[in-house]
Every structure is written in structure tokens, then in C-alpha cells.
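S.K.: Sequence:
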Amino acid sequence: IDPAKLKQDTVAFGATVNVFDIDTEEEKQFTLVGADEADARKGRISVTSPVGKALLGKQVGDEVLIKAPAKTIAYEILNISFE
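Position one of the sequence shown corresponds to residue 1444 (this note's numbering), numbered consecutively onward.
Treat the hints as calculated values from the structure; they're not laboratory data.
In this text, all values refer to a predicted model and were calculated from it rather than measured experimentally.
Just so it is clear, CB atoms sit at the ideal spot from N, CA and C, and this is done for glycine as well.
Misleading hints may appear alongside valid ones.
Stated by the list, open to error - Below, simulated DSSO-like cross-link-like pairs (lysine-lysine); rule was C-alpha separation at most 30 Å, straight line: (1) K1510 / K1496; (2) K1496 / K1471; (3) K1501 / K1485; (4) K1485 / K1471; (5) K1514 / K1471; (6) K1501 / K1514; (7) K1485 / K1510; (8) K1514 / K1485; (9) K1471 / K1501; (10) K1514 / K1496; (11) K1485 / K1496; (12) K1510 / K1471.
To be verified - Derived CB-CB ranges, DEER-like: (13) I1509 / K1485: 11 to 21 Å; (14) D1466 / G1504: 10 to 20 Å; (15) Q1451 / A1513: 33 to 43 Å; (16) P1493 / T1459: 14 to 24 Å.
Required output: the full structure, derived from the provided sequences and hints.
M.R.: Shown next as C-alpha cells:
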């Protein structure tokens, strides 16, 4: 996939996404990659993971809810970039 041809304002495969965790008030960064490239410790998450699926197609300012076993996590998308 050529990042230059992707819409720069929408989360897609290969995007680096900065989010704000509404509960913890912390910023986090994720890069959406294929399952074989995923490494959560490095912020590289699979597009097929719950977080990856929730972020795909979203735009800056959108709020995303991810249902985790213990609680629901709420992120606000701050920035989307393609490198």
C-alpha cells in the first residue's frame, strides 16, 4: 500500500495514530500493521486487533470505544500520520 495515495485524515493500514486516553488522561501512539509485524511493546498493533479494528476508518477528533475484559477504554484521536 502506498501511503501517499491514502487519505491523510483517515486511519488506515500503515497509519501512526496519536490518541488521548480519556480515563487515564495519557497520550498514546499506535502504528497499524499486519498481524505478523505487531509488537505491542513498540506500539505496533495489528489492524485485526480490537484496538486496530476500532481505529480503522476514524478521523481526528473521533472518540473510539474499545471493549476490554475489565472495562471499556475510550480514546480520542489527536493526530494521524503516514510515514
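S.K.: Decide, hint by hint, whether the structure agrees.
M.R.: These are the hints, each one checked on the structure:
{"no.": "1", "hint": "K1510 / K1496", "verdict": "11 Å, holds"}
{"no.": "2", "hint": "K1496 / K1471", "verdict": "17 Å, holds"}
{"no.": "3", "hint": "K1501 / K1485", "verdict": "22 Å, holds"}
{"no.": "4", "hint": "K1485 / K1471", "verdict": "11 Å, holds"}
{"no.": "5", "hint": "K1514 / K1471", "verdict": "18 Å, holds"}
{"no.": "6", "hint": "K1501 / K1514", "verdict": "21 Å, holds"}
{"no.": "7", "hint": "K1485 / K1510", "verdict": "22 Å, holds"}
{"no.": "8", "hint": "K1514 / K1485", "verdict": "23 Å, holds"}
{"no.": "9", "hint": "K1471 / K1501", "verdict": "16 Å, holds"}
{"no.": "10", "hint": "K1514 / K1496", "verdict": "17 Å, holds"}
{"no.": "11", "hint": "K1485 / K1496", "verdict": "18 Å, holds"}
{"no.": "12", "hint": "K1510 / K1471", "verdict": "17 Å, holds"}
{"no.": "13", "hint": "I1509 / K1485: 11 to 21 Å", "verdict": "19 Å, holds"}
{"no.": "14", "hint": "D1466 / G1504: 10 to 20 Å", "verdict": "18 Å, holds"}
{"no.": "15", "hint": "Q1451 / A1513: 33 to 43 Å", "verdict": "34 Å, holds"}
{"no.": "16", "hint": "P1493 / T1459: 14 to 24 Å", "verdict": "18 Å, holds"}
Hint check: no violations occur; every hint is consistent with the structure.
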